[in-house]
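Protein chains: 2
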Amino acid sequence: MSDITPETVLDGQELERLDAYWLACNYLAAGMIYLKDNPLLKEPLKPEHVKQRLLGHWGASPGLAFMYVHLNRLIVRHDVDAIFLAGPGHGAPGVLAPVYLEGTYSEIYPDRSEDEEGMRRFFKQFSFPGGIGSHCTPETPGSIHEGGELGYSLSHAVGAAFDNPDLLVAVAVGDGEAETGPLATGWHGNKFINPARDGAVLPILHLNGYKINNPTLLARLPHEELESLLRGYGWTPHFVEGDDPMSVHRQMAATLENCYLEIRRIQEEARQAGAAKATRARWPMIVLRTPKGWTGPKEVDGHKVEGFWRAHQVPLAEIHRIPAHLEMLERWLRSYKPEELFDENGRLRPELKTLAPKGSRRMSANLHANGGLLRRDLRLPDFRSYGVGVPEPGKLRALNTKPLGELLRDTLRRNPGNFRVFGPDETTSNKLDAVYQASKKLWLEEYLPEDADGTEIAPDGRVLEMLSEHNLEGWYEGYVLTGRHGFFATYEAFVHVIDSMFNQHAKWLSICREIPWRAPVSSINLLITSTVWRQDHNGFTHQDPGFLDVVVNKKPDVTRIYLPPDVNCLLSVADHCLRSRDMINVIVCDKQNHLQYLDMDAAIRHCTKGIGIWDWASNDQDGEPDVVMAGCGDIPTKEALAATALLREHFPDLRIRFINVVDLFKLTPQSEHPHGLSDRDFDSLFTVDKPIIFNFHGYPWLIHRLAYRRANHRNLHVRGYKEKGNINTPMELAINNEIDRFSLAIDVIDRVPRLSVAGAHVKEKLRDRQIECRSYAYEHGVDLPEVDNWQWPY
Amino acid sequence: MSDITPETVLDGQELERLDAYWLACNYLAAGMIYLKDNPLLKEPLKPEHVKQRLLGHWGASPGLAFMYVHLNRLIVRHDVDAIFLAGPGHGAPGVLAPVYLEGTYSEIYPDRSEDEEGMRRFFKQFSFPGGIGSHCTPETPGSIHEGGELGYSLSHAVGAAFDNPDLLVAVAVGDGEAETGPLATGWHGNKFINPARDGAVLPILHLNGYKINNPTLLARLPHEELESLLRGYGWTPHFVEGDDPMSVHRQMAATLENCYLEIRRIQEEARQAGAAKATRARWPMIVLRTPKGWTGPKEVDGHKVEGFWRAHQVPLAEIHRIPAHLEMLERWLRSYKPEELFDENGRLRPELKTLAPKGSRRMSANLHANGGLLRRDLRLPDFRSYGVGVPEPGKLRALNTKPLGELLRDTLRRNPGNFRVFGPDETTSNKLDAVYQASKKLWLEEYLPEDADGTEIAPDGRVLEMLSEHNLEGWYEGYVLTGRHGFFATYEAFVHVIDSMFNQHAKWLSICREIPWRAPVSSINLLITSTVWRQDHNGFTHQDPGFLDVVVNKKPDVTRIYLPPDVNCLLSVADHCLRSRDMINVIVCDKQNHLQYLDMDAAIRHCTKGIGIWDWASNDQDGEPDVVMAGCGDIPTKEALAATALLREHFPDLRIRFINVVDLFKLTPQSEHPHGLSDRDFDSLFTVDKPIIFNFHGYPWLIHRLAYRRANHRNLHVRGYKEKGNINTPMELAINNEIDRFSLAIDVIDRVPRLSVAGAHVKEKLRDRQIECRSYAYEHGVDLPEVDNWQWPY
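Order-wise, the sequence lines are chains P and A.
So the first sequence is residues 1 to 794, counted in full-length UniProt numbering.
So the second sequence is residues 1 to 794, counted in full-length UniProt numbering.
Hints in this document: simulated from the structure, not taken from any laboratory.
Fair warning: there could be bad hints in the mix.
Identical copies look the same in the list; a pair holds intra-copy or inter-copy alike.
Said to hold, decoys possible - In the SDA-like style, the derived pairs of lysine to any residue whose C-alpha atoms are separated by at most 20 angstroms in a straight line are:
| id | residue 1 | residue 2 |
| --- | --- | --- |
| 1 | K304 | L333 |
| 2 | K124 | H320 |
| 3 | K191 | E227 |
| 4 | K277 | E514 |
| 5 | K395 | A645 |
| 6 | K298 | D451 |
| 7 | K402 | N213 |
| 8 | K690 | R714 |
| 9 | K191 | D410 |
| 10 | K690 | N593 |
| 11 | K763 | G130 |
| 12 | K304 | S385 |
| 13 | K395 | R579 |
| 14 | K353 | S385 |
| 15 | K722 | G454 |
| 16 | K722 | E514 |
| 17 | K440 | E227 |
| 18 | K298 | E450 |
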């Protein structure tokens with residue numbers, strides 16, 4: 001560390017100006033919460049100047065603004081390329097204020113100009129109908145992290161730093177947020193930052209001591225214990241503490257300077273050795289302990305406010321009811337001396353204005369925080385060259401995800417620094433291990449000799465594996481929001497761990513799509529594998545296809561769901577997803593050996609349509625079908641085909657139309673989702689009056705939820721997972737949930753009136769076959785070979 | 001700490017026997033994975049003795065068994081009341097083995113007796129169709145934690161220890177699991193264990209070094225860093241490390257003994273002062289670093305296995321393909337010398353048998369691990385006495401959740417040590433703060449003078465608040481699974497954080513219901529509040545009613561969803577839920593001021609039926625209605641009522657039937673859910689041919705998913721949340737999503753043919769009113785008072 005100290009770091013004038021700039025921020029933050037008029041307090045404050053409903057969080061705001069202005073000083077002194085993430089995003093006034101003061105806000109929103117009227121509008125819009133939200137929403141220039149749901153700031157920051165060697169990602173971590181699980185494991189992100197290749201993350205843990213009504217766990221730990229915790233997490237903490245602004249300014253300026261120099265020292269040293277030889281750094285971080293609601297009212301009606309939980313939201317909430325509160329508000333606002341901070345027109349005084357960085361060095365105008373502007377399309381290999389030959393449909397088997405691993409491998413090779421692969425220790429288990437030929441798993445901790453034997457780790461890997469879906473998703477989002485690309489493969493049942501992160505990212509994206517200045521970013525591509533239908537290893541806890549039910553609730557303009565049935569379809573879908581923008585693409589595909597149906601050309605045609613009749617599996621070519629059999633998902637499609645074969649064997653003149661669905665939203669009405677089929681197309685596929693047996697990968701009700709408006713919905717009979725599982729063989733599990741070939745064939749017999757007589761005998765046979773399957777499994781622990789190895793016989 | 005040392009702790013014979021007992025466990029663990037016959041290896045091992053498909057996780061098993069046998073020694077020496085939770089539940093063979101050896105398994109499952117044939121069955125059933133799963137599933141005696149999804153072991157353990165002063169909860173935390181977010185914040189659970197009143201949690205962090213294919217983050221930290229991390233988390237770690245069993249036995253025995261004495265010292269000291277004066281203890285914990293797959297094959301085909309990730313699952317997987325593997329397996333199994341461990345009949349030799357505790361001191365037979373046996377019904381006050389008077393429906397307003405807070409307060413008072421309240425820093429915000437009159441928030445860290453002013457914290461509180469839904473849910477589950485009761489109130493949008501925990505607990509419960517020896521436990525009661533429809537404070541990120549869509553996918557025998565519209569209904573529902581068993585009850589109710597509809601008697605009748613016509617709001621008494629208006633949820637019900645009033649004003653002869661739904665599953669067919677209405681009842685409520693306008697709290701499609709089979713589904717028109725939100729006033733948000741009174745009235749006009757002419761003019765008026773509402777909100781930041789304060793006019 002350098003020898004910069006709090007005593008020497010700031011000369012008197014700089015200190016004074018820095019403080020004034022911060023006070024201007026605090027004034028604006030309070031103004032946003034309270035004022036709809038009289039923004040510069042040129043008149044005495046009257047009730048009609050104050051918003052009727054007071055919303056927003058004052059408590060975190062001064063601390064966030066404090067960090068921001070000190071980061072600005074660092075940026076100016078060292079020409080730093082930096083962005084800022086506010087974990088406690090509800091303290092948005094503390095971020096919006098400096099963003100406005102440095103001019104970005106007015107550049108983007110000209111009506112909120114740097115003058116009195118602009119300031120009035122800037123105040124009024126905050127947390128006001130038709131205005132902006134009270135967090136660091138997408139409307140906030142410089143924000144890639146809304147901070148509405150707590151827990152993900154640190155993982156977003158780490159993701160933003162990957163492959164951005166010159167970037168400094170400063171991230172405020174609230175002490176409330178720090179209690180969440182995702183944040184608690186987020187600290188381990190430092191074990192994935194390669195100092196030679198990646199940028200730096202500078203966490204500022206803000207101990208303002210309180211949540212809504214409670215003290216925080218970390219703020220009341222003894223100093224040594226907190227220090228031990230953070231060092232144990234691998235960081236080197238620097239403490240900045242106090243409630244006297246001048247003292248804390250000096251400490252913060254010196255500490256930030258020292259941290260920055262230490263970061264650069266670490267990076268320079270690592271860069272001399274190169275990324276392949278890098279080791280884990282003990283990165284510096286800052287613990288900032290300052291009062292909650294700092295500079296706000298010390299006491300209201302006999303209750304402590306500043307430095308207490310009562311400062312969390314609106315410290316003086318009864319302005320319109322208690323005249324004394326209006327007076328106190330005026331005193332508080334005037335304590336910042338707005339007349340000394342702003343000129344007559346409401347513009348920040350020039351000697352303060354000069355403190356902020358310029359142009360894209362402003363954190364609010366940094367291109368990384370509008371990553372779509374930096375985004376370069378992926379250089380993708382031709383996905384067709386990874387396909388498997390399928391001379392005849394439904395005869396050959398292949399591992400569905402394996403060729404995708406090869407596609408991802410070559411994508412890694414062609415896009416160094418622009419593409420990463422994420423997975424919770426399952427990349428090999430999910431048969432994507434070809435990626436390691438291009439890039440190993442990132443590992444910066446100790447190496448042992450045995451690692452050379454297949455552990456596939458390296459300090460400069462771009463495959464990220466950690467047993468935390470939260471970190472992986474957070475890193476991936478941070479990486480994508482700063483303009484890069486990725487791919488995330490995970491266990492189907494445990495993708496629910498990040499339901500909430502999915503929800504928040506989908507909301508972020510759908511708001512971004514309405515903001516003209518936000519450039520589109522790469523999509524999040526989630527491969528859901530190790531699916532419900534093959535869990536003889538892990539059983540019931542690993543059977544949950546319900547993530548799709550979460551996905552369909554989010555806006556149609558940002559959600560896509562694909563269930564490719566075979567290798568070539570998966571490749572076609574993956575290529576499409578890797579090229580797409582501003583989406584969350586969910587691809588469901590099992591990793592095991594599966595029948596292959598479509599050659600590459602057919603797969604492309606099929607996936608482009610998203611849904612279609614498989615002619616080779618249908619025998620209704622010369623007229624209307626008697627029944628429509630549909631499959632969606634790999635195993636359900638196989639069973640539906642096997643059912644079709646059984647039916648054709650027993651009832652050769654039964655006309656069956658076979659449909660496969662890859663793009664789930666095709667089932668939705670066109671008016672509800674951009675991928676929805678028109679009613680006309682839907683009806684021409686599914687008929688308007690014939691029974692439909694629909695075999696689905698997930699919970700069956702989801703299909704009804706999508707298709708309930710369709711003309712033929714009354715004849716739609718859906719099979720899917722019904723929570724009837726244990727430690728079953730695949731066929732036993734299928735039978736339990738009635739998605740198996742025998743159940744489906746019986747379903748058809750039950751629904752085609754003319755089979756009712758001849759069918760009774762066949763149904764009995766089919767039920768016997770189910771019993772036989774089950775007995776064989778109970779005896780041998782595996783499925784009947786002829787069922788397991790079944791092929792399409794025609 | 002005492003002066004017991006590894007050198008003095010075990011005499012030679014005891015050490016030898018302890019080791020032999022452990023080897024017997026390891027033999028059984030391996031036997032479970034491989035053998036279907038020849039369990040004692042009385043014959044040379046042949047392929048037909050080996051299961052065809054080899055499933056299970058060897059890697060974690062020897063370590064788990066090691067902990068178990070050492071805990072047994074402690075239990076016997078000190079007569080300890082202890083249970084064991086295996087975080088890495090996939091290492092079930094290491095738990096099942098000692099459970100079988102101590103006799104519990106055979107007592108519960110007599111066909112898996114303690115003899116050769118019983119052992120053969122015990123082996124064969126493992127991870128075998130028709131048998132038991134490969135985790136510590138509910139079928140495992142002594143298990144309250146399956147460990148299928150990783151992350152929740154520590155929070156379950158802490159919950160089990162609450163209010164169980166004499167219980168020792170030993171919990172194995174896997175180093176893979178330790179990477180998850182929930183586990184990372186789970187360590188902070190120690191800040192909520194009152195040493196005077198609660199039992200002790202003894203975490204054993206098992207550093208076996210590897211996940212499926214990767215090293216673990218914690219295992220490769222330098223010793224000092226790991227120690228610093230654990231001390232920073234507030235624990236006092238004791239390290240037991242090595243690969244020589246005898247040395248590690250000695251270390252473990254001494255360390256466990258010392259930890260136990262330290263725990264008792266802490267507790268005695270605290271108990272002298274009493275729970276109200278307790279402070280946080282630096283509880284001991286153990287870090288056990290032993291090789292993965294310890295005592296298994298050291299090397300297979302030139303690859304390191306023991307002590308490496310290759311030991312994770314089945315170390316010799318090609319038994320049926322590679323003859324040399326069969327030989328290696330036989331050598332490995334015989335290395336345990338089963339003939340010295342078991343007698344001729346396959347029973348553990350008596351000198352080993354004696355090492356295990358007896359009766360209910362066996363961890364596998366401890367009553368706490370089958371908590372329903374210990375469960376005492378709650379002493380509930382009469383919920384009717386908390387109700388609000390409702391002289392006329394729809395006139396008065398009240399805070400819906402406030403009286404519930406009073407009910408919970410008195411429940412706390414009447415059930416010391418048997419009931420707790422959980423919430424993430426939102427108990428006050430959710431208007432349940434009356435609970436603090438009975439019991440404060442538990443706080444064991446530092447106190448400041450200002451805390452006296454309303455912070456409501458105390459060392460012996462039984463209200464648990466932490467900003468981690470993961471910990472709260474985990475504690476609550478642990479508390480309930482050991483026979484107690486609780487109530488959890490949380491933000492609607494962020495209950496998605498624990499989607500996955502909900503899924504796993506629901507699966508656990510539905511399996512338990514099928515196991516005769518598992519006694520029913522109390523239900524998990526989740527109050528979902530701060531709902532989507534009132535988010536002017538926090539906006540879009542806080543709007544997500546989709547948890548219900550996750551809940552409905554789980555088995556109907558363990559899931560319930562209630563949406564009480566007012567205070568009295570909420571009280572009635574809450575009383576019912578607090579009495580129920582083996583369920584997850586989800587109650588959706590907003591915390592704000594809402595209109596009150598039903599007096600207590602009417603509320604009880606209504607909630608008992610779960611759905612019903614509100615006669616006072618209907619005017620179809622003299623015949624069939626023209627339209628059915630239904631509301632489900634507080635705000636949607638109010639808007640539906642307001643729409644009804646508007647319609648009656650404009651069309652006095654329009655006959656409207658008004659239905660309110662409290663119990664969401666009433667909509668489901670009777671065949672699908674025990675609460676489902678018969679078709680006859682459904683049809684008599686909703687008619688078979690009249691338009692239904694259904695105003696729903698959540699995503700509208702959920703109603704279709706439940707009701708798609710109903711006769712009148714084609715006329716069912718559902719409104720609900722459609723992700724159209726921002727920082728809106730309640731009315732603006734309602735209008736955006738078309739659940740507002742005006743939109744609903746227009747919906748009716750559009751669907752009742754005879755209104756088509758007269759209705760056009762009214763529709764125009766209604767649309768004007770929407771515009772007016774929006775303009776007013778944009779101008780004033782609040783809703784039009786006459787809309788906001790609307791009352792039922794009849």
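Each hint, compared with the structure:
1. K304 <-> L333: Only inside one copy: K304 and L333 sit 18 angstroms apart there, 70 angstroms across copies, limit 20 angstroms.
2. K124 <-> H320: The answer is within: 17 angstroms in one copy meets 20 angstroms, while 75 angstroms across copies does not.
3. K191 <-> E227: both (18 angstroms within a copy, 17 angstroms between copies)
4. K277 <-> E514: neither (44 angstroms within a copy, 56 angstroms between copies)
5. K395 <-> A645: So K395 and A645 pass the 20 angstroms test inside one copy only (13 angstroms; across, 65 angstroms).
6. K298 <-> D451: between (59 angstroms within a copy, 15 angstroms between copies)
7. K402 <-> N213: between (52 angstroms within a copy, 17 angstroms between copies)
8. K690 <-> R714: both (10 angstroms within a copy, 18 angstroms between copies)
9. K191 <-> D410: neither (26 angstroms within a copy, 49 angstroms between copies)
10. K690 <-> N593: neither (33 angstroms within a copy, 51 angstroms between copies)
11. K763 <-> G130: Close neither inside one copy (62 angstroms) nor across copies (25 angstroms); limit 20 angstroms.
12. K304 <-> S385: neither (69 angstroms within a copy, 36 angstroms between copies)
13. K395 <-> R579: neither (31 angstroms within a copy, 57 angstroms between copies)
14. K353 <-> S385: neither (57 angstroms within a copy, 63 angstroms between copies)
15. K722 <-> G454: Classified as neither; 39 angstroms inside a copy, 49 angstroms across copies.
16. K722 <-> E514: Intra 39 angstroms, inter 16 angstroms, cutoff 20 angstroms: inter-copy only.
17. K440 <-> E227: Classified as neither; 33 angstroms inside a copy, 29 angstroms across copies.
18. K298 <-> E450: Between copies, since 12 angstroms is at most 20 angstroms while 61 angstroms is not.
The structure does not agree with the numbered hints 4, 9, 10, 11, 12, 13, 14, 15, 17 stated previously, though it agrees with the rest.
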